[in-house]
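Those protein sequences? They're chains A and B, same order as listed. Heads up, the first sequence is in numbering that gives the first Met the number 0, so the first residue is 0 and it goes up one at a time. Heads up, the second sequence is in numbering that gives the first Met the number 0, so the first residue is 0 and it goes up one at a time.
None of these hints come from the bench; they were simulated from the model. Just so it is clear, the structure is predicted and the values come from calculations on it, not from any experiment. A virtual CB, placed ideally from N, CA and C, is assigned to each residue, including glycine.
Stretch-level coverage of chain A by chain B, calculated; a stretch enters the list once three of its residues show a Cβ under 8 Å from a Cβ in chain B:
{"hint": "1", "segment": "94-101"}
{"hint": "2", "segment": "105-115"}
{"hint": "3", "segment": "251-265"}
Pair by pair, the computed Cβ-Cβ distance ranges are:
{"hint": "4", "chain 1": "B", "residue 1": "Thr-286", "chain 2": "A", "residue 2": "Thr-51", "range": "31 to 41 Å"}
{"hint": "5", "chain 1": "A", "residue 1": "Asp-90", "chain 2": "B", "residue 2": "Val-7", "range": "26 to 36 Å"}
{"hint": "6", "chain 1": "B", "residue 1": "Leu-290", "chain 2": "A", "residue 2": "Leu-164", "range": "40 to 50 Å"}
{"hint": "7", "chain 1": "B", "residue 1": "Pro-109", "chain 2": "A", "residue 2": "Ser-220", "range": "20 to 30 Å"}
Not close to chain A: a few residues of chain B, all C-beta gaps over 12 Å, as computed:
{"hint": "8", "residue": "Met-18"}
{"hint": "9", "residue": "Ala-38"}
{"hint": "10", "residue": "Leu-42"}
{"hint": "11", "residue": "Phe-43"}
{"hint": "12", "residue": "Ile-46"}
{"hint": "13", "residue": "Gly-83"}
{"hint": "14", "residue": "Ala-142"}
{"hint": "15", "residue": "Asn-157"}
{"hint": "16", "residue": "Gln-161"}
{"hint": "17", "residue": "Gly-194"}
{"hint": "18", "residue": "Val-216"}
{"hint": "19", "residue": "Leu-278"}
{"hint": "20", "residue": "Arg-284"}
{"hint": "21", "residue": "Leu-316"}
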Amino acid sequence: MDFWLDPLVQGILLGGLYALFAAGLSLIFGVMRLVNIAHGDLIVLSAYMALTTSVTLGLHPLAALVLVVPFMAVVGYVLQRFLLNHTMGGDLLPPLLVTFGLSVIIQNALLMGYSADPQKLKAGALETASIAAGPVSVGVLPLILFVTAVVVIGLLQWMFYHTALGRAFRATSDRQDIVQLMGINRAHVFGLAMALALAVTALAGVFLGIRTSFDPAVGGSRLIFGFEAVIIGGLGNIWGTLAGGVILGIAQTLGAKIDPGFQVQAGHLVFLIILAIRPRGLFPRID
Amino acid sequence: MPDTKLHVSRTTRLSTISMTLMFVVVLVLACAPWWASRADIRLFGEISLYIALASLWNLLAGYAGLVSVGQQAYVGLGGYVFFGLTLLAGLNPIAALLIAPLIGVVVAAPVAVLIFRLRGAYFAIGTWVVSEVFRLTAAQVSALGGGSGISLPVSVVNALAQGRFLREALAYWLALGVAVLVTAAVFFLLRSRRGVALMAIRDNELAAKSLGIDIWVTKFVVYLVTAGLTTLVGALIFLQKLRVSPDAAFSSNDWTAFVIFIVVIGGVGTIEGPIIGTLIYFALRETLADLGTIYLIALGIVAIVIMLKAPSGVWGLIRGRRGLELFPISRRIRGLD
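Bound-form chain A, shown alone (with noise of 0.2 Å):
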């Protein structure tokens, strides 16, 4: 039982990391119907920024968010701003080939700026840290990340409905051009979108660092695990993403259980499964 329990408590505890993965994502495409193919590798930029930040100032790596994730959000609104709404407009290809050429530039940067080493943000004790809850012993690390997710998610789906920039959003979301009648600016909306899906990359970003080592060359691959935790959860819900991540965790918890090297594969093979039957996810938003 034991055996089949461990591997199911620390999906669901990574399920938290690729929820905030998602959440970026999902924002994003919630308010202004982007794909941000550099999502990734933004949420390892913000690994190396805290990296540098946490080296240079000696700083325990979760402190280093205290800087990381209001410059990440300042990246996010410069780049929107300045960037990406020149992107914005009926056609497909803009967006994504700009997103596609920032992701390649990013990853290249950064293997210029650190090399291909495999870097990890050292946290100390708390790396090690596990609390007992009965048969399975629960990382203190995965636990708060998973604590995190769960709240980030639930502030933001707060913020979606219950403050005037969340009514912006929805706003926006619904009608681009009838918004801007209302006396909103659409490309500040835009700008303050990208800029909360940074922050929330930033922290999403930290937590990887902490968790596992990085390269400049795993961007793609969390990109990935954010969308399919996306298409899993069903677009345009919020907690959907939290339930497609968990998922997403348990599915590559429990291959690994089978053989290691199927730990990743298995993830993709639910979410082929689930597109393949529930092609709009598992909980849809009800339009």
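Since chain A is already given, all that's left is putting chain B on it; use the hints.
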């Protein structure tokens, strides 16, 4: 006395000249083994394969609106199918090259049914997932070296042709041949009924649908043709490299990033764009060689600037508003003046 009768034609004086010129260029290039150095022949072969890859990606993204960032799935599949057929099944390399595109089509059909459920930009990431699934699967095939890959044994290489000169010449002719084949396939597809449907979908999907075009089937056919031919190109790439490994075969940088940049710089949605883009890419690479990472960053920046400032690429700038065509595709009315 001028001919005042109105008629429709596709050829222009420019297209006739350019088609003749291209025919001559291909003939001269086909004789390259007798006038060029071995290094040059390798370069020409590589250029040919990139022209084929770029034209295929352009057909998919520029004409069918299927923006894929996972075409390395079929390049890698081609490499592995070629190695599997020659190494494990003991087939003659030429027979393996003939079978490879068929396998590509057979594999692509269920993949297309699945990922066509993803709309627009999510389709792009879906193609990436597929290429990852292929890569991870290839890494599990221990008979082909698993994660570390395998080299093509001398016996297979020798089965291709006798002697080094003939072998290298044959590999080069195959590469040149596939570039001509792919360009011709795209050219004739675009001139056909289906090609007109494709361009109608590209220009306005809703209007095309209301005219009775089956959008799903049209895109499905293009996806399968592209996948089959990309698999063939992949087989040829790894015939030249003589070694296949999961990371090289399914490399996102080599088979997708460069290809996308080439097409964007040359001009998306034109048949000339990928060819011009490939020539620019190799001209830059040969002069700026050894810059490595900076080169990729620079290409990325150039592609972004072009996408924002001149989305129709270098060929779009040359073509201008007069609609010059090196390949006669669109119809024009003659005899109006």
